[in-house]
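Going down the list, the protein sequences come from chains A and B.
Take the first sequence: its position 117, counted from the start at 1, is 117 in the working numbering, and no numbers get skipped.
So the number in the working numbering is just where the residue sits in the second sequence, counting from 1, plus 306.
Mixed in with the good hints, there may be bad ones.
Beta-carbon label-pair distances, calculated as ranges [claimed, not checked]:
| # | chain 1 | residue 1 | chain 2 | residue 2 | range |
| --- | --- | --- | --- | --- | --- |
| 1 | B | Lys383 | A | Asp228 | 23 to 33 Å |
| 2 | A | Glu182 | B | Glu590 | 14 to 24 Å |
| 3 | A | Ser85 | B | Asp411 | 55 to 65 Å |
| 4 | B | Asn415 | A | Asn151 | 36 to 46 Å |
| 5 | B | Asp394 | A | Arg171 | 56 to 66 Å |
| 6 | A | Tyr230 | B | Asp411 | 31 to 41 Å |
| 7 | B | Glu506 | A | Pro188 | 28 to 38 Å |
| 8 | A | Glu209 | B | Leu333 | 28 to 38 Å |
| 9 | A | Glu60 | B | Glu506 | 27 to 37 Å |
| 10 | A | Pro131 | B | Glu590 | 20 to 30 Å |
| 11 | B | Lys383 | A | Glu182 | 17 to 27 Å |
If you are wondering where the hints come from, they were derived from the structure by calculation, not from laboratory data.
By construction, the Cβ of each residue, glycine as well, lies at the ideal position given by its N, Cα and C atoms.
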Amino acid sequence: MIQTLEDISRLAREKGPKKLAVLAPEDGEFMMAVKKGWENGYIEPVLIGNLEKMKKVADEVEFDISQFETIIEEDRQTIADLGTSMFFEGKFDIEGKGQIPTSYIYRSIIREEAKLGTGRTVSVISLWEIPGLNHLVGFTDTGATITPDYNTKVKIVNNAIFLAHLLGYPRPKICVLSGQREIGGALPSLNDGELLKTAAASGELGECEIIEATNFFEIFMNMEKPFDSYEQIDISKLPHILLAPNLDTANILCKLNFLLDVKRRSLLISTKGPVIIPARSDFSNSITGEIAMGVVIADRIREGVS
Amino acid sequence: MIGTWKELIERAQDSEKKKLIVAIPTLHTLDVIEEASRAHLISPVLVGNASTIEKMVTSTSLTHQDYEIIDEGDRDKALAKAVHMARDNGDILMQGHNDHQTFVDVVLNEGSGLLNGRLASLVSVFQLLERDKLILITDTYMNDYPSLKEKITILENALTLTDILEFDSPRKVAAIAAVEQINPSIPATVDAAIISKMSERKQFGDVVVEGALDMDCAVSKGAAARKGVKSIVTGNADVYLVPEVETGYLLSQLLVFIGKMTMAGVLAGTSTPVIIDLPFVSRENKIAEIALASLMCPKGDNNA
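Isolated chain A (complex conformation) (with noise of 0.2 Å):
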């Protein structure tokens, strides 16, 4: 099972490198990432994009991409297209995002699902790594769908509830958050948890338990025992997964990694692989964790260990 960060460094250089196709690495953070990403052993990175811009920011880190192959092209949506079907072809084992808006990248992969036919949806899980607890937690959708009704929501749980087995969580608890307070009439997150519990309860959504809490105060508190002091706070019982009500209180969330003690990666699990998405705001070092991620998920997947 994996608890850190850590762990997932230490496999990642166990278990490349790995092919990772880079999406427009035309910022020097990015590149700085890959630069560290292929050091560590992690990867063997194809970059394609511009390959002026690509030089200038290798050459600002000091990193030779002559010794890479790389794939020219200067339209956005092309290269997310193109890295994007040969990663379906089986051509790479990761795909990066660089410098190209989220939206071409889902776009790209939702094309390419559709071809398969697999019915997947696209849908961003952000892990943290929160001290004190010894399992990451997976925001999600952090992405990808703005309002996603109930039915979306199911899938999305699904892409989460496999990354969560991947990461050795054979059963992973998951909170359906939601705004509901005391006051007010039901609203639509706290439905769709109600019937995604009936869901997980009837097997449906496979090896999971939907916990009853709905939002962080249930999650560690009880209405019995006031809450008098910080020292009530026991982190281990957040749960694996957090599925969140939309897209706008998800990535918020997520984001406090910039103002709280945590760490965070962010990644989408296609049919083909890990697809890592940096937020354009990351820095090299997160860039490069969510590569060693990516790492470990392909082999993961390769291995069927879940």
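Go by the hints and put chain B onto chain A.
Relative to chain A, chain B alone:
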């Protein structure tokens, strides 16, 4: 500028004691009231069954000189009395053992006279972990999916609090959403952009609203720079305006339970400050809530 709970409480202690009205106090409420009384913040008025209250008070160090009891055995009538007292000759209304929905309904009812005429919103105040700075997040409780018009009122409600907390001018507001780019498919980004434009036209006074901002741009100047967002708000926002309550409610709880940040919440948009019994506010911070409410009281009114 008030930057810590300590400063907030000290400032409230410098002002007159406030008359705090509570209907149907519980033992837990009385604990908090006892502490706030000892801190010279309030003189409590307890509304409910007198003999029950008398019995409960014996478990505290409060003496007869410290409090007043209004005898009313009926729960609903006790709450109605408390609300009327708070409006007519009290300073702060605090929720006791009343069901949240009932309490909020009574407070928001036009007949209560507590509402300023528009809408009430909850402001969650947090103290940052490594800086002497308080930040405001709103609306974290009251309105499910506010319209643009309602968001503007929610913002204005919060801005009155930035005055009370003497934040430096210009006040900096991050209107947050999933992304910092304006995307017509994501309504929160459009609302944020409009409110941001309104601030540019000085429609909120000496206030800079930046929006849409995603959370990374809002809390980190470095992250914002990576995305090409340059603003005095990034990394230094005083107020975080959230898109809807799913975000507001969960964000404030996450900061408490995972971020271990301390929070005090108070209702804004009412003529008399109202404290809702939010279970995720720690006992210690309920004192800060009372101090905050105390500073929100209109000056020179019903000081005890």
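| Distance restraint hint 23 to 33 Å, applied to the beta-carbon atoms of B/Lys383 and A/Asp228 | 31 Å, holds
| Is it true that the C-beta distance of A/Ser85 to B/Asp411 lies inside 55 to 65 Å, as the hint says? | Given range 55 to 65 Å: holds, Cβ gap about 58 Å.
| task | Starting from the hint 17 to 27 Å, judge whether the C-beta atoms of B/Lys383 and A/Glu182 obey it. | result | Since B/Lys383 and A/Glu182 have Cβ atoms about 22 Å apart, the given range 17 to 27 Å holds.
| Whether the CB-CB distance between B/Asn415 and A/Asn151 falls inside 36 to 46 Å | 40 Å, holds
| task | Kindly confirm whether 31 to 41 Å is satisfied by the beta carbon distance between A/Tyr230 and B/Asp411. | result | 32 Å, holds
| Pairwise beta carbon distance, A/Glu209 to B/Leu333, judged against the given window 28 to 38 Å | At roughly 36 Å between Cβ atoms, B/Leu333 and A/Glu209 fall inside 28 to 38 Å, so the hint holds.
| Quick one: are A/Glu182 and B/Glu590 within 14 to 24 Å, going by C-beta? | 22 Å, holds
| message | Within 20 to 30 Å: is that where the Cβ-Cβ distance between A/Pro131 and B/Glu590 falls? | response | With a Cβ separation near 23 Å, A/Pro131 and B/Glu590 satisfy 20 to 30 Å, so the hint holds.
| field | B/Asp394 paired with A/Arg171, Cβ distance criterion 56 to 66 Å | value | Given a distance of about 58 Å, which is inside 56 to 66 Å, the answer is holds.
| task | Could you say whether the range 28 to 38 Å given as a hint is met by the Cβ separation of B/Glu506 and A/Pro188? | result | 34 Å, holds
| request: Given the range 27 to 37 Å, decide if the beta-carbon distance of A/Glu60 to B/Glu506 lies inside it. | output: Given a distance of about 35 Å, which is inside 27 to 37 Å, the answer is holds.
Every hint, counting from the list given before, is met by this structure.
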